[in-house]
Amino acid sequence: MPPDRAPPAPGLGHAQIADHNSRTILEALRRNGPMTRLELAALTGLTAPGVTNVLRRHLAEGLIVEGQRRTQNAQVPSAEYALRPDGAFAIGLRLRRDRVSGMLVDLDGRIRSRASVPRTNADETAIAAAFEELHAAAGPSANLVGIGLALDDYGADDAQKVRQVFPDRLVVAELDTLAAVLAERTVGAGIPEAGMVMVLLEERIRSGLFLHSIPFAGARGRAGRIGGMLTGPDRLQLDRVCSADAYMAAVENPDGGSAEATAAAWIKKAAVHLFDALMAIAGFVAPGKIVLDGDLPSDVIDALIVAMRCVAASQRPESPPPPLPPVTPATFVGDSVLLGAALLPFFDVLLPKRSVAE
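Residue numbering for the sequence shown follows the numbering used here, starting at -7 and increasing by one per position.
By construction, these hints were calculated from the structure, which means they are not laboratory data.
The reader is advised that the hints may include incorrect statements.
[To be verified] Here are the simulated DSBU-like pairs of lysine-lysine, each with C-alpha atoms no more than 30 Å apart in a straight line:
| no. | residue 1 | residue 2 |
| --- | --- | --- |
| 1 | Lys281 | Lys261 |
| 2 | Lys281 | Lys345 |
| 3 | Lys153 | Lys345 |
| 4 | Lys260 | Lys281 |
Computed from a prediction, not measured in an experiment: that's the story for all the values here.
Could you put the whole structure together from the sequences, leaning on the hints where they help?
Below you can see the structure in the form of structure tokens.
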């Protein structure tokens, strides 16, 4: 059954059913764009009066707008409804090693503003400053539904800090790798039926696994720590060779050559090691595709993907290895984690309640 037509769970009360129907209509408009009452009823399985009641409520809340659709055959234009992007906003936050990063996203999933505040000994001050900058960009009367927080696998304390700064606001936390998956699934290129692996090339290299419609985080959320894998003919840890820190160290301290030559040499070596890691993932879980994102410049990620294709073409094993799934850059390179974090409150408050699994 398509998600738009998913029925409410049995045993729900009237208020819960009304909430389910409200979320279903907003999700249908988010996915499909402007629609008429009859189109919404046909898509969602709700009755026409039920759709009318939901639309009336969303119009009053400022979440949708009403327009007119004119067709050649119809003498009277039909009313159609669409999301109002400014009807709701959410903020995504992430505590990085040296800064607090933030993003403001509207109801349509579009990035409206970014913020970056250096971390000091008083993290709470930096957190509040990033939030206030983004809140000001939304406007004082904006409907801010909540804060999404992207955590790394050591970030339990970060969630506590943010909730202490904003005790009266909704704060929804998720692993950063799975937040990146949520962004790709919701407003990016989507996820193939066979699943997807999102690899974040940052100060450490980690992956988010989304397989057979289920996100796999492992014990204490620590699955996907592929940066510790021994890769390449020299059996080096992937973090030492392919992380964003390794790239910056190489290009900032070129070994006698130009910066361009140093970057090219780094990409060539890193591709061998990353290819090893991705082949191991392909052999174990066979995802439909592998997506790369992180702190590397987008052109470096593109070059890594091309270099890995060259590595794959040069392989001449005695027995063919499993094929490497398609490897692509993320739809929103550099933004996937924060964008996914900012989307979290929408799913908690307005859109169908679901994890990235559904």
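Let me make sure I understand: some of the numbered hints might not hold for this structure. Which ones are they, in numerical order?
none
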